[in-house]
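S.K.: Now for the letters of each chain:
There are 2 protein chains.
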Amino acid sequence: MSHVAAIIGGGVIGGGWAARFLLNGWDVVICDPDAEAERKISEVLNNARRSLPALSDHRVMQEGSLTFTDSIATAVSHADWIQESVPERLEIKHQVLAEIQSHCTAGALIGSSTSGFKPSELQQGAATPQQIFVAHPFNPVYLLPLIELVGEAETTVRAKAVLEQLGMAPLIVRKEIDAHIADRFLEAVWREGLWLIKDGIATTEEIDDAIRYGFGLRWAQMGLFETYRIAGGEAGMKHFIEQFGPCLSWPWTKLMDVPELTDELVESIASQSDQQSGQFSIRELERIRDDNLVAMMRALKARNWGAGAILNADDIAKKPALPQDISQPLTTIERVIPIDWTDYNGHMNESRYGQVFSDAGDVVMSMVGADSDYIDAGFSYFTVDNHITYRNETHAAEAIYVRTQVLQAQGKKLRLYHEMFRDNKELLATCNQLLIHVSLETRRSCEPGAAVMAKLDALHTAQSQLPKPESLPESQWQML
Amino acid sequence: MSHVAAIIGGGVIGGGWAARFLLNGWDVVICDPDAEAERKISEVLNNARRSLPALSDHRVMQEGSLTFTDSIATAVSHADWIQESVPERLEIKHQVLAEIQSHCTAGALIGSSTSGFKPSELQQGAATPQQIFVAHPFNPVYLLPLIELVGEAETTVRAKAVLEQLGMAPLIVRKEIDAHIADRFLEAVWREGLWLIKDGIATTEEIDDAIRYGFGLRWAQMGLFETYRIAGGEAGMKHFIEQFGPCLSWPWTKLMDVPELTDELVESIASQSDQQSGQFSIRELERIRDDNLVAMMRALKARNWGAGAILNADDIAKKPALPQDISQPLTTIERVIPIDWTDYNGHMNESRYGQVFSDAGDVVMSMVGADSDYIDAGFSYFTVDNHITYRNETHAAEAIYVRTQVLQAQGKKLRLYHEMFRDNKELLATCNQLLIHVSLETRRSCEPGAAVMAKLDALHTAQSQLPKPESLPESQWQML
Numbered sequence: 069m070s071h072v073a074a075i076i077g078g079g080v081i082g083g084g085w086a087a088r089f090l091l092n093g094w095d096v097v098i099c100d101p102d103a104e105a106e107r108k109i110s111e112v113l114n115n116a117r118r119s120l121p122a123l124s125d126h127r128v129m130q131e132g133s134l135t136f137t138d139s140i141a142t143a144v145s146h147a148d149w150i151q152e153s154v155p156e157r158l159e160i161k162h163q164v165l166a167e168i169q170s171h172c173t174a175g176a177l178i179g180s181s182t183s184g185f186k187p188s189e190l191q192q193g194a195a196t197p198q199q200i201f202v203a204h205p206f207n208p209v210y211l212l213p214l215i216e217l218v219g220e221a222e223t224t225v226r227a228k229a230v231l232e233q234l235g236m237a238p239l240i241v242r243k244e245i246d247a248h249i250a251d252r253f254l255e256a257v258w259r260e261g262l263w264l265i266k267d268g269i270a271t272t273e274e275i276d277d278a279i280r281y282g283f284g285l286r287w288a289q290m291g292l293f294e295t296y297r298i299a300g301g302e303a304g305m306k307h308f309i310e311q312f313g314p315c316l317s318w319p320w321t322k323l324m325d326v327p328e329l330t331d332e333l334v335e336s337i338a339s340q341s342d343q344q345s346g347q348f349s350i351r352e353l354e355r356i357r358d359d360n361l362v363a364m365m366r367a368l369k370a371r372n373w374g375a376g377a378i379l380n381a382d383d384i385a386k387k388p389a390l391p392q393d394i395s396q397p398l399t400t401i402e403r404v405i406p407i408d409w410t411d412y413n414g415h416m417n418e419s420r421y422g423q424v425f426s427d428a429g430d431v432v433m434s435m436v437g438a439d440s441d442y443i444d445a446g447f448s449y450f451t452v453d454n455h456i457t458y459r460n461e462t463h464a465a466e467a468i469y470v471r472t473q474v475l476q477a478q479g480k481k482l483r484l485y486h487e488m489f490r491d492n493k494e495l496l497a498t499c500n501q502l503l504i505h506v507s508l509e510t511r512r513s514c515e516p517g518a519a520v521m522a523k524l525d526a527l528h529t530a531q532s533q534l535p536k537p538e539s540l541p542e543s544q545w546q547m548l
Numbered sequence: 069m070s071h072v073a074a075i076i077g078g079g080v081i082g083g084g085w086a087a088r089f090l091l092n093g094w095d096v097v098i099c100d101p102d103a104e105a106e107r108k109i110s111e112v113l114n115n116a117r118r119s120l121p122a123l124s125d126h127r128v129m130q131e132g133s134l135t136f137t138d139s140i141a142t143a144v145s146h147a148d149w150i151q152e153s154v155p156e157r158l159e160i161k162h163q164v165l166a167e168i169q170s171h172c173t174a175g176a177l178i179g180s181s182t183s184g185f186k187p188s189e190l191q192q193g194a195a196t197p198q199q200i201f202v203a204h205p206f207n208p209v210y211l212l213p214l215i216e217l218v219g220e221a222e223t224t225v226r227a228k229a230v231l232e233q234l235g236m237a238p239l240i241v242r243k244e245i246d247a248h249i250a251d252r253f254l255e256a257v258w259r260e261g262l263w264l265i266k267d268g269i270a271t272t273e274e275i276d277d278a279i280r281y282g283f284g285l286r287w288a289q290m291g292l293f294e295t296y297r298i299a300g301g302e303a304g305m306k307h308f309i310e311q312f313g314p315c316l317s318w319p320w321t322k323l324m325d326v327p328e329l330t331d332e333l334v335e336s337i338a339s340q341s342d343q344q345s346g347q348f349s350i351r352e353l354e355r356i357r358d359d360n361l362v363a364m365m366r367a368l369k370a371r372n373w374g375a376g377a378i379l380n381a382d383d384i385a386k387k388p389a390l391p392q393d394i395s396q397p398l399t400t401i402e403r404v405i406p407i408d409w410t411d412y413n414g415h416m417n418e419s420r421y422g423q424v425f426s427d428a429g430d431v432v433m434s435m436v437g438a439d440s441d442y443i444d445a446g447f448s449y450f451t452v453d454n455h456i457t458y459r460n461e462t463h464a465a466e467a468i469y470v471r472t473q474v475l476q477a478q479g480k481k482l483r484l485y486h487e488m489f490r491d492n493k494e495l496l497a498t499c500n501q502l503l504i505h506v507s508l509e510t511r512r513s514c515e516p517g518a519a520v521m522a523k524l525d526a527l528h529t530a531q532s533q534l535p536k537p538e539s540l541p542e543s544q545w546q547m548l
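One line per chain: the protein sequences are A and B, in this order. When you read off a place in the first sequence, starting at 1, and then add 68, the result is the number in the working numbering. When you read off a place in the second sequence, starting at 1, and then add 68, the result is the number in the working numbering.
Bound conformation, chain A alone (with noise of 0.2 angstroms):
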C-alpha cells in the first residue's frame, strides 16, 4: 500500500521533506502558492537523488509520484503525513494548520517544522489539538537524521515509527520549551557569532574555521558530554565539571546582551561571507555541502557510530531479500555508487569496482551460513586471488547491480565469478574471485564446517549446469 505525504510550503525545509519520502517510495503533494515551487523543488530533488541512495549499501529505493497543487484541501484530502513548513510567524502557522484540519483525515498527522514555536502555541484554537506536533528537521532535510519531535505522547510516538520507517533519527522532547533543544545551542552560538563580529574579533572566516577545524569534527561524532566525559579522562565526568565549573563565573560569552542587527553589523556580515564563500554559488556550495555529508556519513557507517549506525540500522531494517533461483547466477548486489567511490576521473575507482566484487563475495558468504555469527566462532573466508575486468566506467548516483556464479566449491577451496551491470544491464565488470576457507585463530586455511559445506554443494550442484564464463577477447571491449 503506498503512503502519501503533503508538503505544505515548498522552500528548502518543504522540498527537503518532499525529497525524503518520495525518496523512500511514498507518493508526495505538494502545495505552494510560488510560481516559482515547482523549479525550486525540482533543484532540492535533484541533490537529493544523487546523494540519497548512495547512503544505502543495499538498496535501490524506487521512488513515489510527484504533485504539485495550490490548494490544501486537495493536497491533504488524502494524506497520512502532513508537513507544514510555511514562515515562521504564528498567525500563519495558524491558519493553515486551520484549514488543513477542515479537510484532513482524523487519522493523519499535522508535522509542523517549526523552528521555535511549542506546539501548546501552535495547537491554539485547534479543532484538534494533538493531532498537531513539532517536527524539526535540519536542512538538508533529506541526509541529516534528526528529527524533533514536540506533542502528545501518542501522537509522536506514532510519528516516531513513520520517521524511522525514512531512515530518520527522531529524538522526542519530553517538555515542550521555546526552540527545542538543537536550536537553543544554536542560537546561543548565533549571538555569540554575531557579538565577534561586531566587536571585530574574528571575521565569518575565521568563527568558521574555529569551527570546523576543532570542535565541529568532535560533534559530527560524540556530542558535547560523551566528548567531555573523555576530557575528564580516568577522573572522571565529576571531575571535568568541578575544573570547569570556575569558568561559568568568568566573562567567557556576552549572550544574553544581544547586538543590535543595524544595518551596519548586516553588511558587514554580507560582505565576509562573500569574502570566505562568494567563489562559489548557492548551487554549487548545496553540492560541496551534500558530498562532505555523503562522505563522512559513510565513514561514520563503516564504524557503526553516530549517524552512520542509523544507516546501519536502516540497512538492516530494509534489506530486501532478493529473490533467488539458485540454479541461476545470484544476485548478490543492488546499490547505488556513491560520490566518495569515484575519482580525479570523474568515474567510479577501480578499487572500488573491487569492493562491489568484495561485498558479493560477502553475500554468499552469508547465504551458506558463513554469516557474522560464524566469523564470530573462529571461521572464515579470505580472498586470496582476484582477477577484475574493466568493461565500463560507472559515475556516482548510478544504480548497479552483480550476479555471481558458484564456479567451485571444494574443500576449503571457493570459486565466484561475479558480473556487475548498470541499471540498463551494460556489463561493467567482471572479477573471478577465489576464496580459501580460514581460522581466524591461526590464520591459516582450514576445512569449512559441515552445515556451510552441504549449502555450498547444494548451491553449486544447482548451478551445474550454467555455461562457464568465457573470456571476452579484449577486441570486444566497449572502452578500447
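Note that these hints are calculated values from the structure, not bench results.
Restraint ranges, calculated between C-beta atoms of paired labels, are given here: (1) A:Ala381 x B:Ala221: 49 to 57 angstroms; (2) B:Leu333 x A:Gly268: 34 to 42 angstroms; (3) B:Phe348 x A:Ile384: 16 to 24 angstroms; (4) A:Ala303 x B:Arg471: 44 to 52 angstroms; (5) A:Arg512 x B:Arg471: 22 to 30 angstroms; (6) B:Gly304 x A:Ala381: 37 to 45 angstroms; (7) B:Phe348 x A:Ile394: 37 to 45 angstroms; (8) B:Asp491 x A:Met129: 38 to 46 angstroms; (9) A:Ile443 x B:Asp491: 26 to 34 angstroms; (10) A:Arg512 x B:Ser133: 33 to 41 angstroms; (11) B:Asp491 x A:Ser70: 55 to 63 angstroms; (12) A:Gly446 x B:Asp491: 27 to 35 angstroms.
To give an idea of the chain B side of the interface with chain A (calculated C-beta under 7 angstroms), a few residues: (13) Gly284; (14) Glu294; (15) Gly301; (16) Met364; (17) Ser419; (18) Asn454; (19) Tyr458.
Ideal Cβ positions, reconstructed from N, Cα and C, are used throughout, including at glycine.
Take the given structure of chain A and dock chain B to it, following the hints.
M.R.: Relative to the frame of chain A, chain B by itself:
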C-alpha cells in the same frame, strides 16, 4: 637538523602536543612532576601512533626521541618550542612561565595551552613578555588541526610557520579576548546544556544525539556562517539574517543566568553520562573517537575540503621525493594503513589492496608526465584489467611500500607489475595491471602524447633487463 620541543605539563593536552611533535620528527622533552606521567603519556602516544600517521597518503613518519625530566631548566634549555599545559590557574602559570624564561634561549617560542587567559594576563611580570603567547589546541591534539594563536604579531607569525610544519591549521586571533574564539562557543553551549539538564528537559544522551545527528555533521565541514549562507539560498545572507533576526529578542536561550553547580546537578550529569557511555572505558571511547575522526577526516580529504584540505596541503608540502634508480623496480608507495581500510576480518579489506595498487599506477603516470595538468588537458589512463594475488594479511597502522615494474609500454597499452611489502620486506600482495591511454572527451582509447611516450619508453628500456615476474605456486602462499 633536529628540532626540540619542551612540553611542560604532561596531561592529556601536554601528551597530545608531545605526540604531534614527536611523530613529526621533533625530539621531545616532557617535564611533569607526576610519577604517573610516563605511563599516561605512553597511552596518549599509543593512541596517536595508531591514528595520526594514517592521515597521510605518502609518508611513513620518522619519530624523534622522547625523554622525561622533572626539571623545567633541563627541559627548556635547548628547546625551539616550549609548550606550557599546566593547570588553569593564573598564579601557577606565572610561576612556571618565569621559570621557563630564566632557562630558555631568547629565540625559543613559548606557547601556553590556556583555554581562557589572554596573553596580556600570561605576560604579567614576565622578563620578556612578547616571547609568551597563547597556542590553544583542541583534544585530541594529535588529530584535530585547529590551534588558536594569540599574542604579538611577530611571535604568532613565527609560531604559525612551525605549527603548519606539524600539519596543523593555526588561526591567528587578531584581538585578545577571554576564551579566544572557539571556547566562547563551547562555553555558550555548555551553559545551555547545563540548564537543559537542570530543568529536566533533556538528558546528556539526548543532548548529544541532538548535536551529532544534526548540526554537528554540518559543522565538521562548514562552520556556522557558510551553513547559514546556504540556508539563505538564492535570496542570500542578508535575507537569512532578516529572517532569523527577530528570534534574538525571543527567549531561545537563558545563557548568562548561570545554573548553580549543586551536588545534585553534578550527580545528575555524572549518572546520566554513566547511563549513556558507561559501557565503554575511557580508553575505548578514546579509540572509538580517534577512529571516527580519522575516517571522517580522510573522507573530507578525498573531497579536498575543510580539515581534509589541510591534510592534502600537508601531504603535498611533505611529499617525499622517492630516490629512484629507474633500472630497478620503482618505489611508488610508502604509507601507513588507515583504520577505515580494515573490515570485519580485522585486516585490510581486499578492495584496499586494489586502492594501493591504483595509487601506485597514478605515481607511475605522474612520473611520465601523465599528471594532473595532462588530465586537465583531456587525457588519462584507465585500468582495464587487474590481477591481484593476496599473499598475506596487513592491519591498521602498519607501514607498507610498493615496488613497481613496467612490463609493457607500447602505444596505448601500459602494463605494470606491483609488489606490496610490509616494512619488514614480507610480500603482502602482487598486482598485474593493464592500463589503456584514453581521451577523456571521447572516453575511448587513443595514443599518448609524444612527451609521455618518450618517458615511458625510457622507463621501459631501463627496466628491460629485470627478470619478468613469475607466478608463485599456490602451495608456497603463506596463508594457505
